[in-house]
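*Asks:* My request is simple: use the sequences and hints to build the entire structure.
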Amino acid sequence: MSDSNTKESLEKISNGSPKPTSPNADLKLDFASFWEYSPAPESSEHVKIDDRYNHFINGEFVEPVKGRYMKSVNPATEEIICEFAEGTSEDVDKAVKAARKAYEKTWSKLTGKERGKYIFRIARMIQERARELAIIESIDGGKPIRESRDVDVPLAAAHFFYYAGWADKLNYAFPGRKPKSLGVCGQIIPWNFPLLMLAWKIAPALATGNTVVLKPAESTPVTALKFAEICRDAGLPAGVVNIVTGAGATGSEIVNHPDVNKIAFTGSTKVGKIIQKSIAGTGKKLTLELGGKGPNIVFEDAPIDQAVEGIVNAIFFNQGHVCCAGSRLLVQEGVAEKLVQKLKDRMETLIVGDPLDKNTDIGAINSKAQFERIQSYLEIGVNEGAEMYQCSSKIPENGYFCKPTLFTNVSQSNRIVQEEIFGPVLTIQTFRTPEEAIEKANNTPYGLASGVWTDKGSKIFKTGQSIRSGVMWSNTYNKFDPTSPFGGYKESGIGREGGLHGLYPYLTF
Amino acid sequence: MADRIEVLKTYKTYVGGKFPRSESDRTYQIKDGKGKHIANACRCSRKDVRDAVVTARSAFGGWSSRSAYNRGQVLYRIAEMLEGRKDQFLRELQLAGIKEKDAKHEVHTAIDRVIYFAGWTDKISQVFGTVNPVASAHFNFSSPDATGVVGIIAPEEYPLLSAISMIAPVIAGGNSCILLASETNPLPVVSFGEVLHASDVPAGVVNILTGYRSETAETISSHKDVNALFSSISDNKFRKLIDENASINVKRTEHYTPDDWYSDDHENPYLVLKFMETKTTWHPVGF
Chain A
453 MSDSNTKESL
463 EKISNGSPKP
473 TSPNADLKLD
483 FASFWEYSPA
493 PESSEHVKID
503 DRYNHFINGE
513 FVEPVKGRYM
523 KSVNPATEEI
533 ICEFAEGTSE
543 DVDKAVKAAR
553 KAYEKTWSKL
563 TGKERGKYIF
573 RIARMIQERA
583 RELAIIESID
593 GGKPIRESRD
603 VDVPLAAAHF
613 FYYAGWADKL
623 NYAFPGRKPK
633 SLGVCGQIIP
643 WNFPLLMLAW
653 KIAPALATGN
663 TVVLKPAEST
673 PVTALKFAEI
683 CRDAGLPAGV
693 VNIVTGAGAT
703 GSEIVNHPDV
713 NKIAFTGSTK
723 VGKIIQKSIA
733 GTGKKLTLEL
743 GGKGPNIVFE
753 DAPIDQAVEG
763 IVNAIFFNQG
773 HVCCAGSRLL
783 VQEGVAEKLV
793 QKLKDRMETL
803 IVGDPLDKNT
813 DIGAINSKAQ
823 FERIQSYLEI
833 GVNEGAEMYQ
843 CSSKIPENGY
853 FCKPTLFTNV
863 SQSNRIVQEE
873 IFGPVLTIQT
883 FRTPEEAIEK
893 ANNTPYGLAS
903 GVWTDKGSKI
913 FKTGQSIRSG
923 VMWSNTYNKF
933 DPTSPFGGYK
943 ESGIGREGGL
953 HGLYPYLTF
Chain B
19 MADRIEVLKT
29 YKTYVGGKFP
39 RSESDRTYQI
49 KDGKGKHIAN
59 ACRCSRKDVR
69 DAVVTARSAF
79 GGWSSRSAYN
89 RGQVLYRIAE
99 MLEGRKDQFL
109 RELQLAGIKE
119 KDAKHEVHTA
129 IDRVIYFAGW
139 TDKISQVFGT
149 VNPVASAHFN
159 FSSPDATGVV
169 GIIAPEEYPL
179 LSAISMIAPV
189 IAGGNSCILL
199 ASETNPLPVV
209 SFGEVLHASD
219 VPAGVVNILT
229 GYRSETAETI
239 SSHKDVNALF
249 SSISDNKFRK
259 LIDENASINV
269 KRTEHYTPDD
279 WYSDDHENPY
289 LVLKFMETKT
299 TWHPVGF
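These protein sequence lines are chains A and B, in that order. Its first residue numbered 453, the first sequence is counted upward by one per residue in the working numbering. Its first residue numbered 19, the second sequence is counted upward by one per residue in the working numbering.
Since the hints were derived computationally from the structure, they do not count as laboratory data. Since we're looking at a predicted model, the values are computed, not measured. All residues carry an ideal CB built from backbone N, CA and C; glycine is no exception. Hints are not guaranteed to be accurate.
Simulated coverage check for chain A against chain B, where a stretch passes if three residues somewhere in it have a Cβ under 8 angstroms from a Cβ of chain B [said to hold, decoys possible]: (1) 627-637; (2) 717-725; (3) 908-917; (4) 926-934; (5) 941-953.
Chain A is nowhere near these chain B residues, computed Cβ spacing over 10 angstroms in every case [said to hold, decoys possible]: (6) Lys-30; (7) Arg-109; (8) Ser-143.
Simulated restraints, written as ranges between beta carbons of each label pair [as the list claims (entries may be wrong)]: (9) A:Lys-480 with B:Phe-305: 23 to 33 angstroms; (10) B:Ala-155 with A:Val-517: 43 to 53 angstroms; (11) A:Pro-710 with B:Tyr-288: 24 to 34 angstroms.
*Replies:* Listed below in structure tokens is the structure:
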């Protein structure tokens, strides 16, 4: 064994120099025969989810005018968690009126410094209730507790912290310009990062002096309603933040309400286009964070083991329900075989199962509808002639679970290469030259995020400059930070969220 | 002695560094304020628009990857060439019935405006780029990057000044563009193509079409290989059409209808940024 290790660690690359690899670089990962994983469920006893939730309008929880409710399902168990209000035009109108009144009477009259202090309070209260929010996020949306606990919730709090500090510094952000707030913002968010997307939307809107009507997704409304409690407990003036729940029809009422000054939407490109069309000619400001089909490029000189970890993180993070997921792997031919084998070995170690278990790597698919959509793409892929590989790990009998999946033998025009699947499904293509990789990378209508793996700095910059996407992860993937602008080129959206750039969409000059 | 018979100019379009006629072979009459014929202009077709988009797309990569310094020099060269030929533009504006004083004002402002934007090419990422202090061990920076192919729909008023005021910020940011010139007086804009041609602007970076917006605006606004629209038509029905068509492929749209094209307000980097994307790059920090 040691012999082969030594040999492998001195493996030659094309220019003849020894390439350093880890001593165990070519050992197959095999955790299961070393130890067994006992269940390690996060206790959810202290978390209280009500049977029924109402809209949060003008600082109060109010019943929907039409009295209709929808149900939120735990995708890991298919059990109903709670009921929530179905917003109609009457509810949206009430919310917009409350937001307008709050904008005119209180929020726009406050100094930036005072506004900021409210936002800081919210940030702190999210931190205080972090574990509760994380557990609810995992129950309602199916994501592994490790992710909701370590990524979603801390980042949401960090977002409020970051933008709170901007509230009284806006005059320093835009050289030669004095920014002004817009008024009432209508915000519609997706189900993949419910609380985090809420933070991305609400934090900059409040910091810039706007008021908000926000609709969470119909499959994940609970943390937004918990956030409403936080707004109330933080003493945020009534009407500054309004949460109206419901499905697409409710969102459309927000988009088309005449007294909304700005629409911010995160979701599919299909719906984004409908929104852009429906506000045509109204002069409403618009930001869109839409779909993606992120290329993840691995060059021959990349640190292969790190790249494998990066690929796993790029496509299997949050069950692949990530608009910026690295869903198209592009591997340089020389390392393709080795890399794919290592990737398959690594996939064997992934634990798919109970989202609340702290060992779980991949949780439940968010909803039945999404589960069926992913299944249909798996069929499409196979019918297109691609080779499908799924790891052998067990998945629970109940709930919506999908095994991590690879497709090889795909071509650029295949639907599974061109269309966003939004699940744990990776396509693998190979390339010979950097030019070919770039051409393939750019050959979709999307341009949200991409990855590049190489040991050579100049190659990183050249590749980064040539790929048309808003985020470029080099030797890393799926990293997020409130100071870092995020958003797409082409059909992946309009505008940026995060960082100083995330202030622009909420201001006029 | 009889007056010399003047040689009249045939006005064509400017596409891909050449001066083709409309593929449709159609023209329409351009008249002065009193209704007198000045010249025929090309009445471009939908196919002309599509051809121009192909040309602009192929020019985009080269232009956007030029150094900012070089793009600035090329823009400055446009101003130099315009200065050298300003008599021609004064004459053409006056032909359309504009008073000499006003024509001078228009041409001079246009020249100065090109110089203004020439100076931004190598400053925009310094002023508007950021290094982002992320909490993890990563180096993270954002900088502006060209959006792509931009469709410009110029207004009727101040045909030369408005067209140049719209083209300059768009190409300063590294985009390529297709300009639909003023319907009533596109002639000085077509002649501006000759200036571009003589100024080291790579072929296809700026393309100028003439004709009826009712025929061309639909095509340019719905074209899937156009990334952004810059329109200066204030009519609300037209605005709505542009916005609706923009949604076909999530085009960025900027409706820009200044009260005063001469105002210095037009000279600002935010107009350049309207046609730029922010690209953010991450890299781990460690040994």
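*Asks:* Against the structure shown, which of the earlier numbered hints fail to hold, in ascending order?
*Replies:* none
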